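Asks: Residue numbers (my numbering), protein chains in the order written: chain A, 1 to 58; chain B, 1001 to 1373.
No lab work stands behind these hints, which were simulated from the structure alone. Certain hints may be false.
Facing chain B, according to a computed beta carbon distance under 10 Å, are these residues of chain A, among others [said to hold, decoys possible]: (1) D11; (2) T14; (3) V18; (4) F22; (5) N25; (6) T28; (7) K29; (8) V31; (9) G32; (10) T36; (11) D37; (12) N38; (13) I39; (14) D40; (15) Q45.
Non-contacting residues of chain A with respect to chain B, defined by C-beta distances greater than 10 Å in every case (computed) [what the hints assert, rightly or not]: (16) E4; (17) S5; (18) Y9; (19) V27; (20) A46; (21) D49; (22) A50; (23) G51; (24) N52; (25) T53; (26) I54; (27) T55; (28) A56.
None of the values given here were measured: they were computed from a predicted structure. All residues carry an ideal CB built from backbone N, CA and C; glycine is no exception.
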Amino acid sequence: MAIESAKYYKDKSTNTNVAIIFVDNGVTKSVGVNSTDNIDYQAIQAWVDAGNTITAAD
Amino acid sequence: MAITRAFKNGVNYDDFNALKHPVFQNGSMDICQRSTSVTGITSEQKLTDRWSLNIGSSGAFTFTIGTGPGTFGLNKCIKLDCTTANASGSDADANMYITIPLEGQDVQLFRKGTSDAKAFTVSFFVKSNKTGTGIVEIWDRDNDRILSKTYTIDSADTWERKCINYTMETSNALDNDNAKSLMVGWWIESGADFDGGTLGTSWAGRTDANRAVGQTLNMASSTDNEFLLTGCMMVPGTFTTETIPDFVNETFAENLARCQRYCFLMKASTTYTRYTHGIANSTEQAEGVVSLPVAMRAGPTLTTSGTAAEFACGDGAALVNCDAVPIVGNASTVNPCFQDVFWPTAGSLTQTEPYALQGGNNTNTFLRFESEI
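Whenever a hint applies, use it, and build me the whole structure from the sequences.
Replies: Written out as structure tokens, the structure is:
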């Protein structure tokens, strides 16, 4: 797993972040912001801990 | 009285039969929701469902679904072919092993960390053009402890059934949760970083140099090499190839359902496949729910077939192109049998109207929900 970038996705109806869209080895994927047991979610948090930033949603 | 079977450690055939399901999912390698053929593998790669290849500095390999031995209905196997050789052991960090990770709550029957810790056996069918010594490693990921044992491929190009006996330790219990607690790995290539020490045949804290000592299969040594594996099972008790119970073949449906806890593939069979339905809750997005066939291990990751242009919002008469691939929303924390999904557009939806999430004019679109460990 190699996280290249990550960006929040905002539910347009509630205006809240519901997912993280991320690129892993060139493949775009998404994971819910509350999926704390998900290994991709955990990898994104480790990526953030390493000094990276999840881009704000549009 | 004619004694036909005897068992050590108080575990008998009835205990094994009492297992509701095999400990390993997809030990028959029948289920492969991801790619059934992958070339140029040089880094970690998913193989059949639940099984993956860890590889580094070990040349390049092709994965395909091979033909199994046929015994017990084992008609499929993981087949790895070396396509780019790497002089074995020339790189100290060379490593290569097929592995399956297991949830802690699924291996509590082995009672690791208790005074009643169980002996167990790992059995499998293996075939290779190479003869020699392979390693099967048990890795306690909760406590980062290792136990490794060897087996021998005696005859080239011949299916052989192997049984390796282990014991669980009475300390260092496994967490009783849905996270990765135990991994079982079949080492088939190693460099000094992984085989330069003394094989860890008793439970001990992980020392990488002790993990694959004595491994001589060295699959990366030649492009002539291939390694085939199937019929993998892990059972309580101490068995030999003479006493080990038959491989338990689940029905295809049972096997698939157990794999879908970790991976659920929705794959188009026609153009404009409808994946699910929902409602436009703004002019820019529709939102719906995908019913999952089983409760997934955790809120899943969604991977799709690729570009936004491959997906559309359909209202029954016309299609509105998506401007991004479908996205998962929050996972249910109460009943993880369904998953919220969004499919965004540039903004021409009619709010409160129903829309389908459809593939485009393409028979190869897919949604893949994954919750691996």
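Asks: Now tell me if each hint is right for this structure.
Replies: Here's how the hints hold up against the structure:
1. D11: With a closest approach of 7 Å, the D11(A) hint holds.
2. T14: Given a least distance of 8 Å, the restraint on T14(A) holds.
3. V18: Holds: closest Cβ of chain B sits about 4 Å from V18(A), inside 10 Å.
4. F22: For F22(A), the interface hint holds, since the closest Cβ of chain B sits about 9 Å away, which is under 10 Å.
5. N25: The hint holds - N25(A) has a Cβ within 10 Å of chain B, the shortest such distance being about 9 Å.
6. T28: holds (6 Å)
7. K29: With Cβ-Cβ at 5 Å, under 10 Å, it holds.
8. V31: holds (5 Å)
9. G32: holds (5 Å)
10. T36: Constraint on T36(A) satisfied, holds at 8 Å.
11. D37: Holds - the Cβ of D37(A) comes within 10 Å of chain B, reaching about 3 Å at its closest.
12. N38: holds (5 Å)
13. I39: Check passed: Cβ of I39(A) comes within 6 Å of chain B, closer than 10 Å.
14. D40: Where the cut-off is 10 Å and the nearest Cβ of chain B is about 4 Å from D40(A), the hint holds.
15. Q45: Violated - the Cβ of Q45(A) stays beyond 10 Å from chain B, reaching only about 14 Å at its closest.
16. E4: holds (14 Å)
17. S5: S5(A) is indeed farther than 10 Å from all Cβ atoms of chain B, at 14 Å.
18. Y9: The claim is violated: Y9(A) sits with its nearest Cβ about 5 Å from chain B, within 10 Å.
19. V27: The assertion about V27(A) is violated, with a minimum of 6 Å to chain B.
20. A46: holds (15 Å)
21. D49: With a cut-off of 10 Å, D49(A) remains clear of chain B, as the shortest Cβ separation is near 18 Å.
22. A50: holds (19 Å)
23. G51: Non-interface label on G51(A) holds, nearest chain B Cβ at 23 Å vs cutoff 10 Å.
24. N52: holds (18 Å)
25. T53: Non-interface label on T53(A) holds, nearest chain B Cβ at 19 Å vs cutoff 10 Å.
26. I54: holds (14 Å)
27. T55: holds (14 Å)
28. A56: holds (16 Å)
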